[in-house]
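Peer 1: Protein chains in written order, with numbering that gives the first Met the number 0: chain A, 0 to 389; chain B, 0 to 389.
You can trust all of the hints, since none of them are fake.
With a cut-off of at most 25 Å between alpha-carbon atoms, the simulated DSS-like pairs for lysine-lysine come out as follows: (1) B:K111 <-> B:K57; (2) A:K387 <-> B:K282; (3) B:K387 <-> A:K288; (4) A:K11 <-> B:K128; (5) B:K271 <-> A:K387; (6) A:K180 <-> B:K285; (7) B:K166 <-> A:K11; (8) A:K166 <-> B:K166; (9) A:K180 <-> B:K180; (10) A:K33 <-> A:K166; (11) A:K34 <-> B:K285; (12) A:K282 <-> B:K180; (13) A:K387 <-> B:K275; (14) A:K128 <-> A:K57; (15) A:K128 <-> B:K166; (16) B:K338 <-> B:K372; (17) B:K288 <-> A:K387; (18) B:K288 <-> A:K180; (19) A:K282 <-> B:K387; (20) A:K180 <-> B:K282; (21) A:K69 <-> A:K57; (22) B:K166 <-> B:K33; (23) B:K69 <-> B:K129; (24) A:K374 <-> A:K338; (25) A:K11 <-> B:K129; (26) B:K285 <-> B:K180; (27) B:K338 <-> B:K351; (28) A:K11 <-> A:K166; (29) A:K285 <-> B:K180; (30) A:K258 <-> B:K387; (31) B:K34 <-> A:K285; (32) B:K11 <-> A:K166; (33) B:K338 <-> B:K374; (34) B:K311 <-> B:K288; (35) A:K311 <-> A:K288; (36) B:K374 <-> B:K219; (37) A:K166 <-> B:K128; (38) A:K271 <-> B:K387.
To be clear, the hints were calculated from the coordinates, so they are not data collected in a lab. Given the structure is predicted, the values throughout are model-derived calculations rather than measurements.
2 protein chains.
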Amino acid sequence: MIRVKDPVVLLKIITRFIDRQMGVTHVAVILYDKKRGAYTLIDSKGEGGAKIPIGYVKVPADNPIVNFFKSSHNGAFARREALVYKEIDPIQNFEILVNKKEGRAIHYEDIKKQMNYLRAAVCVPSFYKKELIGILILGEKLSGDVYHEEEISLFVTLANDVAMAVKNAELIHDLRTAYEKEHSLFINTSIALATAIDARDRYTHGHSERVSHYSLVIVKELIDSGKMQFDREFMETVQLSGLLHDVGKIGIRDEILNKPAKLTGEEFEIMKTHVKIGASIVKPVKGLKHLEDGILYHHERFDGGGYPFGLKGKDIPIIGRIVSVADTYDTIVTARSYKEAEAAEAAFEEMKRSSGAQLDPEIVEAFHRAYKKGKITRREYLSFDFSKIH
Amino acid sequence: MIRVKDPVVLLKIITRFIDRQMGVTHVAVILYDKKRGAYTLIDSKGEGGAKIPIGYVKVPADNPIVNFFKSSHNGAFARREALVYKEIDPIQNFEILVNKKEGRAIHYEDIKKQMNYLRAAVCVPSFYKKELIGILILGEKLSGDVYHEEEISLFVTLANDVAMAVKNAELIHDLRTAYEKEHSLFINTSIALATAIDARDRYTHGHSERVSHYSLVIVKELIDSGKMQFDREFMETVQLSGLLHDVGKIGIRDEILNKPAKLTGEEFEIMKTHVKIGASIVKPVKGLKHLEDGILYHHERFDGGGYPFGLKGKDIPIIGRIVSVADTYDTIVTARSYKEAEAAEAAFEEMKRSSGAQLDPEIVEAFHRAYKKGKITRREYLSFDFSKIH
Chain A
0 MIRVKDPVVL
10 LKIITRFIDR
20 QMGVTHVAVI
30 LYDKKRGAYT
40 LIDSKGEGGA
50 KIPIGYVKVP
60 ADNPIVNFFK
70 SSHNGAFARR
80 EALVYKEIDP
90 IQNFEILVNK
100 KEGRAIHYED
110 IKKQMNYLRA
120 AVCVPSFYKK
130 ELIGILILGE
140 KLSGDVYHEE
150 EISLFVTLAN
160 DVAMAVKNAE
170 LIHDLRTAYE
180 KEHSLFINTS
190 IALATAIDAR
200 DRYTHGHSER
210 VSHYSLVIVK
220 ELIDSGKMQF
230 DREFMETVQL
240 SGLLHDVGKI
250 GIRDEILNKP
260 AKLTGEEFEI
270 MKTHVKIGAS
280 IVKPVKGLKH
290 LEDGILYHHE
300 RFDGGGYPFG
310 LKGKDIPIIG
320 RIVSVADTYD
330 TIVTARSYKE
340 AEAAEAAFEE
350 MKRSSGAQLD
360 PEIVEAFHRA
370 YKKGKITRRE
380 YLSFDFSKIH
Chain B
0 MIRVKDPVVL
10 LKIITRFIDR
20 QMGVTHVAVI
30 LYDKKRGAYT
40 LIDSKGEGGA
50 KIPIGYVKVP
60 ADNPIVNFFK
70 SSHNGAFARR
80 EALVYKEIDP
90 IQNFEILVNK
100 KEGRAIHYED
110 IKKQMNYLRA
120 AVCVPSFYKK
130 ELIGILILGE
140 KLSGDVYHEE
150 EISLFVTLAN
160 DVAMAVKNAE
170 LIHDLRTAYE
180 KEHSLFINTS
190 IALATAIDAR
200 DRYTHGHSER
210 VSHYSLVIVK
220 ELIDSGKMQF
230 DREFMETVQL
240 SGLLHDVGKI
250 GIRDEILNKP
260 AKLTGEEFEI
270 MKTHVKIGAS
280 IVKPVKGLKH
290 LEDGILYHHE
300 RFDGGGYPFG
310 LKGKDIPIIG
320 RIVSVADTYD
330 TIVTARSYKE
340 AEAAEAAFEE
350 MKRSSGAQLD
360 PEIVEAFHRA
370 YKKGKITRRE
380 YLSFDFSKIH
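Put together the whole structure using the sequences plus the hints.
Peer 2: Structural data, given as structure tokens:
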């Protein structure tokens with residue numbers, strides 16, 4: 000039993016194995032194609048080197064062999080779970096089979112004709128529970144001998160392995176798809192809600208999504224340059240921390256958040272609480288707790304003059320230093336009215352000047368390198384303008 | 000090849016099969032237990048009805064049989080992938096094997112002793128790729144005959160099936176766990192952000208989570224009473240729509256959202272836009288678009304006097320009518336200072352009075368029935384109080 004990502008690969012292995020090892024004129028496989036809702040010929044080998052054209056030949060729904068195996072009354076042949084051409088006695092077995100499910104009559108004569116047409120000496124069904132997954136079709140033996148009981152047993156085993164492989168691959172594929180769908184739903188929902196929160200602060204359309212992107216660019220550059228080692232999990236943490244770094248602004252009143260004039264000392268103290276508020280939002284959520292640091296420490300300064308704790312240098316968790324650089328960059332660039340490239344270069348210059356004071360020089364350097372390598376991609380960010388709805 | 004959710008079930012089937020059909024003194028299985036990081040005896044049958052105590056007997060890490068199979072130099076016996084006691088010739092095979100990975104020497108004498116101790120005539124490894132998943136242990140044949148080559152082949156096939164079943168079950172389990180983790184992450188993040196949005200409106204702690212719960216209770220009652228048919232997907236939609244029904248409040252200014260006095264006409268018009276703002280937030284998100292209706296229509300009234308469109312009766316999408324009842328109930332109950340049970344009954348009375356005018360009578364009825372059946376569960380809701388951080 001082989002597990003394969005794509006059961007078609009297994010089928011090709013099996014048909015090749017039978018073709019090479021067992022000395023048959025040809026071997027083919029009919030498989031149920033879920034998407035098409037039909038049985039199709041998907042692999043074929045043999046006929047002394049000549050191949051039956053593969054190219055997904057569709058098998059008609061009323062194919063007598065398919066109907067025979069789908070029928071619950073497939074008579075004497077059910078015992079060995081295979082149809083052997085030479086065992087179908089046109090006199091003895093001349094009877095009408097009824098496929099109860101579809102109410103269609105099946106004549107043994109039709110089965111013989113069909114097997115003749117497919118040059119099939121043996122047809123072996125591939126069942127998963129009561130579901131007919133496919134049919135293995137074998138031509139005559141090159142030696143002209145009849146198939147032994149054990150050979151047919153082997154085919155039955157192989158056909159059952161195919162059914163199992165198909166079903167396992169289906170289940171694994173479905174689970175993977177469901178996981179990926181759920182993951183992007185989680186990310187997209189976070190983006191939408193972060194963007195909605197951004198929208199309260201009228202100058203920050205797309206800000207959180209960009210900070211997330213920049214933070215991730217920084218991490219990748221730090222890894223690529225060999226300076227630091229981070230795992231996949233950390234990259235996800237950075238991406239999400241960037242996205243939700245300002246989530247705490249939800250707890251800041253409009254009059255402070257959107258004040259056109261300079262904030263008073265007291266107002267600024269309230270404004271500063273957004274990092275603690277943000278941390279308090281993610282902290283109780285199972286699966287979001289790891290975002291706490293990126294949110295809490297993104298306003299610390301490298302020289303110790305930041306908030307909320309006034310941590311200094313490497314005492315500031317790395318994720319806080321990364322989000323801080325990304326956040327600062329976006330704030331500078333979006334505040335400028337130059338063309339994009341000029342704004343970026345000016346931002347890096349400004350950031351380098353404040354390196355060591357506000358920002359971690361190493362991270363600013365890494366970000367600048369990544370920028371020069373073209374790692375910052377421009378794209379459409381989600382943005383909301385609720386004033387248009389009011 | 001059988002696919003089972005729990006490979007241990009497969010093992011029990013296999014050991015029972017061998018015990019009953021093949022006439023052996025006993026059969027046992029040693030399996031690698033990922034959690035324990037050790038090989039353990041997990042099933043044992045035979046010895047004329049007497050059983051070797053199962054109870055997860057741990058096999059020491061330096062067990063010679065385990066080491067033999069783990070070694071890449073397992074000599075002459077590798078060919079048939081099984082250890083046969085009678086084939087181990089103490090003179091001819093007296094050599095030292097080295098388990099390269101763990102640098103331990105293995106003597107054939109030790110293997111014989113160990114097999115003797117386990118009363119094993121044959122040991123068959125269960126490999127997945129190069130990973131030793133387990134070992135099938137077979138006692139002597141009751142007839143006293145030696146095992147035929149074909150019998151050992153069958154054991155090898157069974158052991159390989161076990162390895163495949165174990166690995167498939169592991170992969171499927173891991174994928175399922177990853178999916179479920181991601182799903183609850185999505186739900187929990189939605190709860191946290193909805194709750195954060197709730198927190199701006201100081202009177203609605205836990206409101207969105209409760210509306211989500213009540214909405215789901217209503218849908219289940221409508222299904223149970225046989226009045227309406229909804230699929231699982233719709234139930235998820237209802238749960239999330241309840242959670243995010245007020246997400247649009249993010250776009251309403253504090254001065255209106257938290258105004259202690261009655262809103263002016265103009266202010267109320269702005270307040271009403273929260274349903275459209277909410278719909279505009281979920282609409283562009285792939286995977287959230289289906290929440291649009293529940294958010295957009297939860298302030299429509301059954302008599303046509305609601306907003307944003309003034310839809311009437313059954314023209315209001317059912318999900319809007321459901322969330323509306325849940326929302327109204329929570330608003331009434333949390334505004335009252337009675338004891339919980341009194342508040343609930345008073346709320347249902349009040350809602351029934353406004354049935355047909357504000358609310359859909361059928362849905363109010365269903366909710367009341369569910370309440371009386373005890374379907375509303377009380378629990379701790381997430382809640383934030385940002386004023387404590389300020």
